[in-house]
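Dock chain to chain to rebuild the complex, using the hints, since each chain is given by itself in its own frame.
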Amino acid sequence: MVKFKQRKKAFSGNENLTGWLFISPMFIGFLIFMLGPLIYAFYMSFLEWPLLGDARFIGLNNYQNIINDQEFRIVLKNTFIFTAGLVPLNLMLALGLALLLKEKMAGIGLFRTAIFVPVVTSLVVWAIIWKYMLAPESGFINQLLGLFGIQGPAWLLDNRLAMPSVIIVSVLKNVGLNMILFLTALQQVPHSLYEAAALDGAKRWRTFWHITFPMIMPTVFMTMIITTIGAMKIFAQIYVMTRGGPGTSTKVLVYYIWEKAFRHFEMGYAAALAFVLFFILLVFTLILWQLRKRWVFHEN
Amino acid sequence: MRIKGSHVIKYIILSIISLLMIIPLIWMMLTSLKEPARVFTQFFPWPIRWENYVEVLANTVFLRQYLNSIYIGIVVTVGTIIFSSMAGYAFARLNFFGRDFAFLLLLSMMMIPPEVTIIPLFLFMRELGWINTHIPLILLPIFGAPGAFGVFLMRQFFLTIPKELEEAAKIDGCSRWKVYWRLMLPLAVPAISTLTIFTFLQNWDEFLNPLIFINSRELMTLPVGLSLFTDETGTAWHHLMGATTLATIPLLIIFFFAQKKFIEGMTLGSVKE
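As you go down the protein sequences, you meet chains A and B in turn.
Per the numbering used here, the first sequence starts with residue 356, numbered consecutively.
Per the numbering used here, the second sequence starts with residue 27, numbered consecutively.
Treat the hints as calculated values from the structure; they're not laboratory data.
Any given hint could be a false lead.
[Unchecked claim] One-sided and incomplete, this derived list gives chain A residues near chain B with beta-carbon spacing under 7 Å:
| hint | residue |
| --- | --- |
| 1 | 493 |
| 2 | 496 |
| 3 | 500 |
[Stated by the list, open to error] Counterexamples of contact, computed for chain B against chain A with all Cβ distances above 10 Å:
| hint | residue |
| --- | --- |
| 4 | 40 |
| 5 | 61 |
| 6 | 62 |
| 7 | 63 |
| 8 | 77 |
| 9 | 84 |
| 10 | 97 |
| 11 | 101 |
| 12 | 123 |
| 13 | 202 |
| 14 | 212 |
| 15 | 215 |
| 16 | 219 |
| 17 | 253 |
[As the list claims (entries may be wrong)] Stretch by stretch, here's where chain A covers chain B in the computed footprint (C-beta under 8 Å, at least three residues):
| hint | region |
| --- | --- |
| 18 | 46-52 |
| 19 | 143-152 |
| 20 | 157-171 |
| 21 | 178-188 |
| 22 | 231-240 |
Remember, predicted model here, so these are calculated numbers, not experimental data.
Using N, Cα and C, we set each Cβ at its ideal position, and we do this for glycine too.
With the rest of the complex left out, here is chain B (with noise of 0.2 Å):
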């Protein structure tokens, strides 16, 4: 392609706005492979101490708590996708009293913000004894305004998906559950991978649900985690940079794998809000 002459200046405005955008990661990943002591003294780490993550990873507590955003955020999804698909498919399909009443109902949560609801919910979830457990992190989601877009965004597919597919179905003598589970579902899988990255998205960055919710470190989800992570002698930015460079780099890979889908999930997330 020939570069014209205007392109020059456009090219230098991009470049500088790129960089502002990747240094910070680059630095992340270099100081995440200094010396403890030269972290603040070099600017490119050398000799490279790879130790610095087989130190993270040795840390316990770190360890635990990316295994609990992982699996939090893998129950979570499985969650939102089951009950905001089955949701979906009865809003767009069937025809029962009370479904657009419902459906209003649901979606004018969306609208509500989760501050409003927390303090409540902190002494609900108190009276329950569920303070300090994972299960207002799996429930809250699921059942809030996350899981409200859900079903949103399942009805606006299944609406597209010819009834006649359906209804040769039910000839074929299929209840409404097998309809829904063995069709729709598996013709579902579009919307579903895009709900699915951008649900496992919004819980990865969650912060103040556990930030509430949870108390002890062995327990917490990987943003709280890091954003206490200092110890005696203060923040160890060596160990720091190299745990959020690991708590980065699951993210850039669906990223990197999954651009489009990865847009189109946070596009639709921002419609939400």
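Extracted from the complex, chain A is given alone in its bound form (with noise of 0.2 Å):
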């Protein structure tokens, strides 16, 4: 308290002032841009905005019309279909991956790189060439699998291969930055214990269960929120690759806002479709807090 006066004194003049002074110019572009747009758009939720005519208040009709809307059903179902595909295969390729690549051998920096590589690509980028990639006639994966006699399907023009085509490509974009989150974590293990573990008999795959695992489960609980958050949001993949087709296979929840607010321009509905993927990301992440809690023993 006395060292609290003293540099209050030493810097004479208002520091309240100035303070807000400092923080304005990002203070107030944050109410403009996003508390105000967050407001207005939980407002926008129980409008009817068609395209051509004025906005009209109709309370909560947007989102019982969401939960009746077939379509909504279908989109919500490859969110999950995506999310679900997705997740699980990325943290574990990543793990297994910072497991590999744990120890020093020779040219180790060499394969990280090479995992890495990917994220630091732009995702237009890397969906294009994809898109490229898995052309049906000619393209260089059914190229590959020419060379040994296979006539290759048409990946993305096929009901049942699109998604899970979209999802390998999305998990082999970022799994680079998941394995390198676990790589520093597995790092950060007191070799001590694993010292232990060997004195005590322990076989490797006990050590990585008893030891490894727990000790980096809060490194792996915060990538999968993440991941999960970030699978739930998908959509410049779905744009680029498969516009949410083959007829609506690869339709997600964010093309489909994009779509109802800047194609058939319903901005009301969208809005109520945003505050939707709002609601259940925060009870995704509650869930997952929640089981982190329950599952994670050790925290620093």
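Structural data, given as structure tokens:
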């Protein structure tokens, strides 16, 4: 307290005013471009706002319509399929790679770099390349399969294969990022724990389950939450690779919101959809957070 | 280094996965050098057609989009650094009324998905006549979630700088602004360089905002421009792959020169969302 007073005295002048002057560009900008739009979006979700004509207050009708919207159900299902496919694949591959790359071996830097390079490329560029690689007749993948005498399918034009293709492409793009996070966590596990386990004669698999895994659990959970939120919001890959097709087989929630708002100009409905997305993300995060409390034993 | 027996399997697995990651980029670069008619029929480009690049760069729309991406990236990065560091400094070092509340409010904004605010923002920008201008592409990242993340990052960094340094400067007669501008900002170079890489990259990749706010091809940034890259005859893959190669090269250059900072920036960014 004494120190604080001294400091305040040393910096004569009005600290209240100075403080607010320093934060004002950011704070005002954020009121205009974040908080204001957020509140307005909530209000909009109670309006019917067609392309031509004025907005009309319709209460909870948009939300009711969402519940009865057949297309919304498909879109929601697709979003969950994408997430349920991507998250476990991504995390398991990232963890596996991190374990392989943990110890010093010749050429390890080269592998780490190679696996991280897709993270560096732009998402849209990655999606474009893969759309080209997966081209039906003569894309790279089907040319490769052709060498073995296999007639490759039309990956992105097939109802059943489009979604798995987009999932794999998305996993390859970002697995390097999670791998790096896991590598950092693995390197922070105290070596003495492994030594103690070795003294007790623990086998590799046991050591992993009883020492390594519990120790890196906090990181695993953080990445799980981040990856899940990211997966629920997938958009650019879908826009570039499939435009939601074939049919509605890869139409996901953000794509649907974009389509409703900026293709059909149903602004109120789209705002309500956006809040549904927000709500789902919130619930997911809270569930994972609760699970974390139960499962994570060790935390710094 | 000695290679153990068990390492052989490791090397095989790692080689396969590494190839999966690298092949698309190599394929992109190879295709960008092929004859248009043989894009789908040959594996290696022969004869190498360097003219593809000349043609891509002669495409004025692509060149404009490239320059748009670069200049918007620079403006957004500079803006983010200035305003985030100012706010971060105040939150870390000044005691003012409502500080903790303002900080909490700013942090909570990082949790809001941009998809929720984009619809009112579109109407707002239309009202102001800013659709099909670069203004939203510049203002929204600076004052949106990426900017809020910057404030958080800069505050954490300023908290680690000893207070005594500042007090000494103050005794020498520096004003608050001078302390920030002449002393704290130069000390924050490590944090600023991480934030620079992160902000520039994120901006280079931004897709939804430019898709919504820009209609004309000349004003688009690279991601949207590339996603619409087709002409009357369909997709000219040899040109598109040249364009994507050119779009990737700056990122690869930054990556290879600043790997450590780069990874720091990326991993910091991932904690945000």
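Check each numbered hint against the structure and report the violated ones by number, ascending.
2, 3, 4, 12, 13, 17 and 21
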